[in-house]
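Sequences listed follow chains A and B, in order. Be aware that the first sequence starts at 42, since it is given in the numbering used here, and climbs by one per residue. Be aware that the second sequence starts at 27, since it is given in the numbering used here, and climbs by one per residue.
None of these hints come from the bench; they were simulated from the model. Check each hint, because a few of them may be wrong.
[Said to hold, decoys possible] Computed cross-link-like contacts, BS3-like style, restricted to lysine-lysine with a CA-CA straight-line distance of at most 30 Å:
#1 A:456 - B:54
#2 A:431 - B:215
#3 A:456 - B:76
[To be verified] Here are some chain B residues pointing at chain A (derived, C-beta under 7 Å):
#4 82
#5 99
#6 132
#7 135
#8 142
The beta carbon of each residue, even a glycine, is placed where N, CA and C say it ideally should be.
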Amino acid sequence: MSKDYKQMWSDLEINLDAHDGLLGVLSDAYTNIYLSQKNRPEGMKYFDFVISEVHGLRIEEIVEAKKQGRKVIGTFCVYVPEELILAVDGVCIGLCAGADVGTDEAEKYIPRNTCALIKAFMGFKLAGLCPYVQTADLIVGETTCDGKKKAYELFDEMMNGKVYVMEIPNKKGQDDKALWLNEVQRFSAKLEEISGKKITPEKLKEASKVVNEKRKALQRLASLRSADPSPISGLDALLVNQVAFYDDPLRFTAKVNELCDELTERVKTGKGVSAKGSPRILISGSPMAIPNWKIHAIVEGSGATIVGEESCVGERNFASLMDENFSSLNEGLRNIADRYLTINCACFTPNDERLTDIETIAKRVKADGILHYAIQFCTPYMIEATKVKKVAEKIKMPLLRIETDYSMEDMGQLKTRIEAFLEMMGKGARV
Amino acid sequence: MRIGGIDIGSRYIKYVLLEDNSILDFKKRETGHNPLSVCKELLTVNRPEKIVATGYGRYLLEVFGDIRTITEIKAVAKGVKAVFPRCRTIIDIGGQDTKVISLSGQGSVVNFEMNDRCAAGTGRFIEIMSRALGYDLDHFGASCNSRNGNVKINSMCTVFAESEVISLIAKGEKREVIAYSIHDSIASKVISMVKRIDIQDDIVFAGGCARNPCLRRILEERLQKTLYVHENPYIHAAYGAALYAEI
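Can you make the complete structure from the sequences, with help from the hints?
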């Protein structure tokens, strides 16, 4: 990190000693996993910088934005409409939930067999290790799964009443659409109330454009990964998708597009991160919040390349755009509601659209195999894996089911399973 | 030409030396706390020209330079197929992993299931339980009595199952009966894995646990299938690795 942020962290009530430890571990992991990769695009330098300043410069920017009266809205789910947050000049941040941090603290409140993501968001707060959550004026929860919705009740107490929960329907019928539209309207009113700013159709249009441009840049990155060899590693692409949740959206979009320009050149000259014809894997399943790089590191360390993520940190975040064509606020809110209900999360029943998505993406990225990833105890994805298996059989694609958490204890077993999977695909592993 | 295969497992290191396709030597040593020194010791005698490493510790041999590695799944498939040409399914219960592997007619791996991190349903579980009941591991499987008791071990977690066993002992339950129920609970775990695979005959039971007659019998009864067991079920992965060394 370029400068000393101790005073800022201290003002945000961060546990300084433990935080130094966390940054040390993160920096080592980043060096080992990311900086050791070969043939990285130049454009990744920006993202390396962002990570090196993940709790520094970006926090400073956010603190500065707060001084100018902007509100910071923390989220944990791609269902929370970013457009509305930007329409009140808010700063939208996807909160820390991807590391085995503060687990002991979290387990005082929630059962041990709770998924790692929930334990992590509580753990980060309880251990005083997440400066983002400390800057938040509002934290938006959602009823995507039982674990999260019950945990938000406890989290609200820890956050002194700053948690606001949006109800996500369980189905996608007419009643559900009406419910969701109401939720979007209520959320927009809540944002107006805490920011003291009015959402006008013009403001919403402007915000929609910003978010759509970000999605388009991420779509562009995703489509470049269809090339063989892929011009970018799965690890790097995952990182870009993770950074999408907390970087400044305009700057982020510009940087992703710069990266994509470089990748386009690479594709033209056939330059890639691995040899042409090396095994290509599509990840499908639970989200991988930063700094969860575990599966990508094992797969790519075994000689395969990850070419897509059918995940909330991935395709589900950017696959569909919002219709920017509206003339009244109500119409705009309806467009938002419609757009977000196209996200096919396993918390819906039935969720056949996700199966179609997997098939489409697997073909588009020319995958040789699918790795279904579920965070341990993430029941919706763990169960839906059975249906995904059927889709894989239908399109004659091998599928490996992995259930794991953020700890490193099962690395040996995972490595064996993943390598055996690659061997089985006949493209060989690290041989 | 002498070629070798070494299978560095969680409990034992197995080593096979081949000359002109016949087995010249087989050795099995406890993995212990310093597996690399065990490997070095094994490899200094009759050092083969080519060697392939497999098993949990397969990357340990990187210090020797260019030693090829394959997973134990690929290795065991090759090793079993060479001995049992009609094999289409392998149930391999080793020290810390249980695998169910489905083979094509030609012998390549078409599907597999493997336990996740926990030790329930693995050799380690049997070891811990035999100790809790005061049995010598080699006699544990022969000491089961199924029919005069109705005891069930419900817990799938090794730690919790051990406390269940201890409370059954405290209740005065016969240890032969408890021993049977332990084997039955392991079989349940293995069968849930088998159910996820489209199993076909012949089925070969491999790995150290295949020597346990009680486990074999329960699996056969519950699957309604015959399980074939080699006289040395430890050998398959190391043998398979050795066969890959000549390719």
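Now the hints, each set against the structure:
Distance check on the hinted pair: residue 456 (chain A) and residue 54 (chain B) sit about 24 Å apart at the alpha-carbon level, within 30 Å; holds. With a CA separation close to 23 Å, the supplied pair residue 431 (chain A) and residue 215 (chain B) stays within the 30 Å bound. With a C-alpha separation of about 24 Å, the suggested pairing of residue 456 (chain A) with residue 76 (chain B) holds against the 30 Å cut-off. Against a cut-off of 7 Å between C-beta atoms, the interface hint on residue 82 (chain B) holds, since the closest Cβ of chain A lies about 6 Å away.
Interface restraint check: residue 99 (chain B) against chain A, minimum CB-CB distance 4 Å, threshold 7 Å, status holds. Checking residue 132 (chain B) against chain A by beta carbon gives a least distance of about 12 Å; that is not within 7 Å, so the hint is violated. Given hint, residue 135 (chain B) at the interface with chain A, holds; its Cβ is 5 Å from that chain's nearest Cβ, closer than 7 Å. A cut of 7 Å between beta carbons decides the hint on residue 142 (chain B): the least distance to chain A is about 6 Å, and the hint holds.
The structure fails to meet hint 6 from the earlier list, while all remaining hints are met.
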